[in-house]
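Residue numbers (this note's numbering), protein chains in the order written: chain A, 1119 to 1368; chain B, 33 to 276.
I should point out that these hints are in silico values taken from the structure, not numbers from a laboratory.
Check before you lean on any hint, since a few could be wrong.
Stated by the list, open to error - Over the 10 Å line for every Cβ pair with chain A, so calculated as not near, a few chain B residues:
| hint | residue |
| --- | --- |
| 1 | G39 |
| 2 | R50 |
| 3 | M154 |
| 4 | I156 |
| 5 | D210 |
| 6 | I226 |
| 7 | L247 |
What the hints assert, rightly or not - Label pairs and their in silico Cβ distance ranges:
| hint | chain 1 | residue 1 | chain 2 | residue 2 | range |
| --- | --- | --- | --- | --- | --- |
| 8 | A | K1228 | B | G183 | 41 to 49 Å |
| 9 | A | E1190 | B | I57 | 16 to 24 Å |
| 10 | B | V71 | A | G1130 | 55 to 63 Å |
Claimed, not checked - Straight-line C-alpha distance at most 25 Å; calculated SDA-like pairs for lysine to any residue:
| hint | chain 1 | residue 1 | chain 2 | residue 2 |
| --- | --- | --- | --- | --- |
| 11 | B | K60 | B | L44 |
| 12 | A | K1163 | B | E152 |
| 13 | A | K1230 | B | H64 |
| 14 | A | K1191 | A | T1212 |
| 15 | B | K46 | A | G1167 |
| 16 | A | K1196 | B | E152 |
| 17 | A | K1230 | A | E1214 |
| 18 | A | K1232 | B | K46 |
Treat the numbers as computed from the prediction; the structure is a model and nothing was measured.
We put the beta carbon where it would ideally sit given N, CA and C, even for glycine.
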Amino acid sequence: MIEINDIHKTFGDNYVLKGISSTFKEGMNNLIIGGSGSGKTTLLKCMVGLHEPDQGSVIYDGRDFTRMNFEEKIEIRKEIGMLFQSSALFDSMTVEENIMFPLNMFTDQKKKEKLDRVNFCLERVNLAGKNKLLPAELSGGMKKRVGIARAISMQPKYLFVDEPNSGLDPKTSIVIDELINEITDEYRITTVVVTHDMNSVMGIGEHIIFLYNGQKEWEGSNKEIAHTDNQQLNDFVFASKFTQAAKEKL
Amino acid sequence: MIFYPLGKYILLLKAVFRKPEKWNIYRKEIFHEMNSIGVGSVWIISIISVFLGMVTTVQTAYQLVSDLIPRSIIGSIVRDSTILELSPTISAIVLAGKVGSSVASQIGTMRVTEQIDALEIMGINSPGYLILPKIIAAVITIPLLIVISIGLSIWGGYLAGTLSGAVSSNDFILGATDGFRGFTIVVSMIKAIIFAFIITSVSAYQGFYTSGGALEVGISSTRAVVISCIMILFADYLVAQLLL
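Take these sequences, add in the hints, and give me the full structure.
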């Protein structure tokens, strides 16, 4: 479980996060949604420590991440897996080396054990046998799946996913969403996904917080979202004629 | 205005020299960087060094118009100017262009494509993993490159002098060996180590704090070369002032 309490963040004169609090439960897909510039990626980066919040705390199962020193933060980070918007695979390494990298860095496993783990992770994301390919040889969807394989290689307790569907076709997006959902469920991971993809919201949004202008505007689940009377959320979720028509049928 | 980047640079260096997570992974990276920085620069350093020596000999001979000065002085001038100034400084400036721009663009690209963030999330000290091997590799290989440069530069000077008839072979060798002080080599190596540190750390700093996209990576790379060159010349003056 991850708790965030009263998170504030500014960049110069730009007040990006204005006191956001929520609880992200274990074994659940927690979605942070909002329009461009609403502060969702900044919130995610504050949670994982890529940005220091100006005020507030991030608590991982009772451990206050924001008050920790460098060494203590590293111990928490070993329990974190993250899939980046750009996948962030290391260009100079093969798929196998990318997934093996955290294992090389933090475990004393033998090469055979590490290779078994890599193959298991690749099988899990349906990329068995792609070990020797370089990131440049992969499609966007494959890169995302290798990113997921790398993120789960250390068996994380917390999985953060930044815009998993950006740049992907609808079918591949659904495959990635389902994969995130399965992994969360299977390993009882606390998963936090930043997205503005409505298919993801409706498909895997068990717990959703909606950010608007740096503030938490709404909190609920995908079942509740269709019946909300929050104007900002309605404007965001049902922006297109297609989604408006779908809502009327609900 | 200068204090903010200076403070950031010092803090980055502090992070660079934190205890590595696993030495054997860093060792592999150091060997990889030694190959890239050292072996990868042998040709360019060799070519410029030979020509540096040749030009120094020809220009020294051109300026020695008095019959009262022995021609062997050409060998001494080529030797001392090569060891003390030309080989370390010109090689360092060339390496700032070759190695510095490569380091800045490599790290800058990793920054803008979130690869550095990925390292941080894994719990890896990214400045240490990315920059320390480069600094160690440069501090080992650049002095070796400068030793090669000194040898080739003096050989180039000998070749130009004897082939053009500006100085006889015996005179050049006599001048190059007579009155040689080993301390000049010590000064040259001190310069080489300082220049190696400047090239890699300044370029890595520029790359590490890149933000934006491809355009900014290019800007960081250019800035890395310009600032490294200025810092090299400044350090060159300081070392000369302090040690000579």
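Taking the hints in turn, this is what the structure says about them:
no., hint, result
1, G39, "16 Å, holds"
2, R50, "8 Å, violated"
3, M154, "5 Å, violated"
4, I156, "6 Å, violated"
5, D210, "51 Å, holds"
6, I226, "29 Å, holds"
7, L247, "17 Å, holds"
8, K1228/A with G183/B: 41 to 49 Å, "46 Å, holds"
9, E1190/A with I57/B: 16 to 24 Å, "22 Å, holds"
10, V71/B with G1130/A: 55 to 63 Å, "45 Å, violated"
11, K60/B with L44/B, "22 Å, holds"
12, K1163/A with E152/B, "11 Å, holds"
13, K1230/A with H64/B, "24 Å, holds"
14, K1191/A with T1212/A, "28 Å, violated"
15, K46/B with G1167/A, "19 Å, holds"
16, K1196/A with E152/B, "10 Å, holds"
17, K1230/A with E1214/A, "13 Å, holds"
18, K1232/A with K46/B, "32 Å, violated"
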